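Colleague: One line per chain: the protein sequences are A and B, in this order. Sequential numbering of the first sequence, starting at 1, is according to UniProt numbering. Sequential numbering of the second sequence, starting at 1, is according to UniProt numbering.
Some hints could be false.
Copies of the same chain look alike in the list, so a pair counts if it works inside one copy or between any two.
Once the Cα atoms are required to be at most 35 angstroms apart in a straight line, the calculated DSBU-like pairs of lysine-lysine come out as [said to hold, decoys possible]:
# : residue 1 : residue 2
1 : K406      : K427
2 : K328      : K390
3 : K379      : K148
4 : K427      : K302
5 : K328      : K250
Treat the hints as calculated values from the structure; they're not laboratory data. Note that this is a predicted model, so its numbers are computed, not measured.
Chain by chain, the residues run as shown.
There are 2 protein chains.
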Amino acid sequence: MPLKTNNPEKKTWLPVPINSDFPIQNIPFGVFLTRDDIITIGSRIGDYAIDLGALHQLGYFKDIPLTDDIFLQDTLNDFISDGKKTWRLVRNRISEIFDINNNELKNNEEHKNIVLFTMEEIEMQLPVQIGDYTDFYSSKEHATNVGKMFRDPANALLPNWLHIPVGYHGRSSSIVPSGTAVRRPMGQTLPAGEEQPIFGPSKLVDFELEMAFITTDANVLGEPIPVEEAENYIFGMVLFNDWSARDIQKWEYVPLGPFLAKNFASSISPWIVTLDALEPFRVASPEQTPTPLPYLQQTGKKGFDINLEVSIMPEGGKATTVTRSNFKYMYWTMAQQLAHHTINGCKVNSGDMMGSGTISGPTPDTYGSMLELTWRGEKPLTLEDGSTRKFIEDYDTVTITGYCKKDNVRIGFGEVSTKLLPVFQQKKK
Amino acid sequence: MPLKTNNPEKKTWLPVPINSDFPIQNIPFGVFLTRDDIITIGSRIGDYAIDLGALHQLGYFKDIPLTDDIFLQDTLNDFISDGKKTWRLVRNRISEIFDINNNELKNNEEHKNIVLFTMEEIEMQLPVQIGDYTDFYSSKEHATNVGKMFRDPANALLPNWLHIPVGYHGRSSSIVPSGTAVRRPMGQTLPAGEEQPIFGPSKLVDFELEMAFITTDANVLGEPIPVEEAENYIFGMVLFNDWSARDIQKWEYVPLGPFLAKNFASSISPWIVTLDALEPFRVASPEQTPTPLPYLQQTGKKGFDINLEVSIMPEGGKATTVTRSNFKYMYWTMAQQLAHHTINGCKVNSGDMMGSGTISGPTPDTYGSMLELTWRGEKPLTLEDGSTRKFIEDYDTVTITGYCKKDNVRIGFGEVSTKLLPVFQQKKK
Numbered sequence: 001m002p003l004k005t006n007n008p009e010k011k012t013w014l015p016v017p018i019n020s021d022f023p024i025q026n027i028p029f030g031v032f033l034t035r036d037d038i039i040t041i042g043s044r045i046g047d048y049a050i051d052l053g054a055l056h057q058l059g060y061f062k063d064i065p066l067t068d069d070i071f072l073q074d075t076l077n078d079f080i081s082d083g084k085k086t087w088r089l090v091r092n093r094i095s096e097i098f099d100i101n102n103n104e105l106k107n108n109e110e111h112k113n114i115v116l117f118t119m120e121e122i123e124m125q126l127p128v129q130i131g132d133y134t135d136f137y138s139s140k141e142h143a144t145n146v147g148k149m150f151r152d153p154a155n156a157l158l159p160n161w162l163h164i165p166v167g168y169h170g171r172s173s174s175i176v177p178s179g180t181a182v183r184r185p186m187g188q189t190l191p192a193g194e195e196q197p198i199f200g201p202s203k204l205v206d207f208e209l210e211m212a213f214i215t216t217d218a219n220v221l222g223e224p225i226p227v228e229e230a231e232n233y234i235f236g237m238v239l240f241n242d243w244s245a246r247d248i249q250k251w252e253y254v255p256l257g258p259f260l261a262k263n264f265a266s267s268i269s270p271w272i273v274t275l276d277a278l279e280p281f282r283v284a285s286p287e288q289t290p291t292p293l294p295y296l297q298q299t300g301k302k303g304f305d306i307n308l309e310v311s312i313m314p315e316g317g318k319a320t321t322v323t324r325s326n327f328k329y330m331y332w333t334m335a336q337q338l339a340h341h342t343i344n345g346c347k348v349n350s351g352d353m354m355g356s357g358t359i360s361g362p363t364p365d366t367y368g369s370m371l372e373l374t375w376r377g378e379k380p381l382t383l384e385d386g387s388t389r390k391f392i393e394d395y396d397t398v399t400i401t402g403y404c405k406k407d408n409v410r411i412g413f414g415e416v417s418t419k420l421l422p423v424f425q426q427k428k429k
Numbered sequence: 001m002p003l004k005t006n007n008p009e010k011k012t013w014l015p016v017p018i019n020s021d022f023p024i025q026n027i028p029f030g031v032f033l034t035r036d037d038i039i040t041i042g043s044r045i046g047d048y049a050i051d052l053g054a055l056h057q058l059g060y061f062k063d064i065p066l067t068d069d070i071f072l073q074d075t076l077n078d079f080i081s082d083g084k085k086t087w088r089l090v091r092n093r094i095s096e097i098f099d100i101n102n103n104e105l106k107n108n109e110e111h112k113n114i115v116l117f118t119m120e121e122i123e124m125q126l127p128v129q130i131g132d133y134t135d136f137y138s139s140k141e142h143a144t145n146v147g148k149m150f151r152d153p154a155n156a157l158l159p160n161w162l163h164i165p166v167g168y169h170g171r172s173s174s175i176v177p178s179g180t181a182v183r184r185p186m187g188q189t190l191p192a193g194e195e196q197p198i199f200g201p202s203k204l205v206d207f208e209l210e211m212a213f214i215t216t217d218a219n220v221l222g223e224p225i226p227v228e229e230a231e232n233y234i235f236g237m238v239l240f241n242d243w244s245a246r247d248i249q250k251w252e253y254v255p256l257g258p259f260l261a262k263n264f265a266s267s268i269s270p271w272i273v274t275l276d277a278l279e280p281f282r283v284a285s286p287e288q289t290p291t292p293l294p295y296l297q298q299t300g301k302k303g304f305d306i307n308l309e310v311s312i313m314p315e316g317g318k319a320t321t322v323t324r325s326n327f328k329y330m331y332w333t334m335a336q337q338l339a340h341h342t343i344n345g346c347k348v349n350s351g352d353m354m355g356s357g358t359i360s361g362p363t364p365d366t367y368g369s370m371l372e373l374t375w376r377g378e379k380p381l382t383l384e385d386g387s388t389r390k391f392i393e394d395y396d397t398v399t400i401t402g403y404c405k406k407d408n409v410r411i412g413f414g415e416v417s418t419k420l421l422p423v424f425q426q427k428k429k
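Here chain A stands alone, though its shape is the one from the complex:
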């Protein structure tokens, strides 16, 4: 049964700019700080942020079983814990309140003043307290490119890659929302041909074009989530820039995987777009050969057609789009990732985040990192101002955007936009 929130004919009484990522069909969730310095959970239509805490206090959700303070929190974790049925009831109701034919809020100026904010009046926060963050490595094109560069071009994929949605644990504490500048990391690297490592600023700071999904409480320790049930535990998705220091990574990552090369910062877009909102944009994911083991076998369309772009903007300059990719290229689906992650009984909680891994497409202009786009720096990119980039330079702003489009409905994610600052300087004592 199609979700009524997805009806492409639906219109809202709020103004929605052409090509907005946030029509009434989107209804994402986020957390923001209001002009009165109050933190609340909210949604967004067009360029208006909706204070769900205030809406709830005014009685607009009175027929939905919600605790009084469910939206008056600084994270979405508790709301996400309420489960899929509640998410749907709330989105249905928001869709109803802002429907062009519904006058209950539209004609109540006092309530509108309390509930609605322009985007300039608010400051977006991290939407969830991320308990655990896992990053996958699920783009075949990306894994192949990395294998060609660093291992054997003829056998670029490692033997386990086609059998396992390979993943590793990342660092939750370093995840920041769009708009938070991050610092170039210091670290150990091994210069080419040397045996002794040196210490200094990373010279190869890179973005990774990724998306990530946010889970609800899914299981108890020791019990797996079957692949066909997995999507029920996915609340929604965000854009994700998995900042990487390639030179630090190269020296540190054998045998236990990436560590300081990744955990200096990771950036996400602040609005979580629900899986329900993405429902119309399902596509078949790439055919999997060999057939995965039974616990990873899925039916139906488990991919999503999400257009992705990355731009680099030098300080004071113009942004240049450096790649255009798509989430539909992912070889392993989110359902498979979650089923694999829990097949051993690993516990998944509300607010956990799982990254896709770098999303590279089949052609060089669709690669999801500077490492691949410039082929390890061998083919620098030229930006619109004529400057060239092998990797990301200090004061560059990297912005990822993403949206789906079908039947004249565009569901977008906004952006994750991050400036890279120079290394931290210890103050002289």
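With chain A held as given, fit chain B onto it using these hints.
Modeller: This is chain B only, laid out in the frame that chain A set:
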């Protein structure tokens, strides 16, 4: 200046059994559920648990700047956030209240009834909400053993090992306290000589003898913690069993490190022993050659002499000690681990946990895992009941204990004791 809580002459009016891990010099912190089903923060002397929430409500901490509810919480995170000065004031005060010459609580039967519990009356909980968990790999003997077995016996240590306290991110959600049984994981493995992986129960479930330290809020994102300040941000230590499925690990871990082989469960002892309590047991850590890079260079004694033991007890049988090791063997110190972890600006929060990595000593009877003790299963161990073990079998209970001893004072950690259950069986529909 020596801490007065460490005075070896100090005696308490509470009974302390001979060889107890918890004399008045220890004063660890934990979280427990009382007979009235109330969760509180507590400490322990001998076989008595002390309800710090109740002590505080009764006014015993009135001269220390503490919020009213600081101990009436289900985790220690906020108390740990209060910082080292506060931890010391509280431990000093507890040491004073329970001093043999102090009658204020000793002679107040009503208060004693409220504040004291026997260990049988309470149920220990996880002491902190672990935001991020990192596991290091800092025993040279362990890294060498693994290198000999799986790589090149002549070049067992990887090139980065002597320069970097190698570490990786683990899964916080699967960490459980002593006494919580864990399940044998299901997963993918590659049988020897085969090219296609199979799915089934792990056949090589192992313990890893580790210790872990718990941090306080240490920095802001982007700023490193200097090695000489690092210990100020370490609240205390616990015993840690980093359960591992060797066959799953072997197939999955290249190139991004261990994942499902580790995150099915990790077990910790419930009492956090403070670094202050461990102060008398400092020893020099092993000499480091080559000299580490300047950001890892430390002065003074940064190792700790902590005796460690692991036993295996079959269902209904007797426990057999299978190894005796010591924390002093660690090549990289906790201070170096924390300095390295933050050199790139990675944020460390209150309640984060960092594991040592398997603690193996120089001789085969000091190895910290079945993998090493049985040399990949080639030399099975014989238990007291005559049965043999290559790895851990269903219904075995693995127990790690640890203590320091000097000047007739024994400071111990209690135990982390965990039964391994068979794989989870999906209920038939």
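Colleague: Against this structure, judge whether each hint is valid.
Modeller: Checked hints:
1. K406 - K427: Answer is neither: 53 angstroms inside a copy and 41 angstroms across each miss the 35 angstroms cutoff.
2. K328 - K390: within (27 angstroms within a copy, 45 angstroms between copies)
3. K379 - K148: Answer is within; shortest intra-copy Cα gap is 16 angstroms, inter-copy 40 angstroms.
4. K427 - K302: Classified as between: cross-chain Cα gap 26 angstroms, same-chain 51 angstroms, threshold 35 angstroms.
5. K328 - K250: This pair counts as both: shortest intra-copy Cα distance 29 angstroms, inter-copy 30 angstroms.
Checked against the numbered hints above, the structure violates only hint 1.
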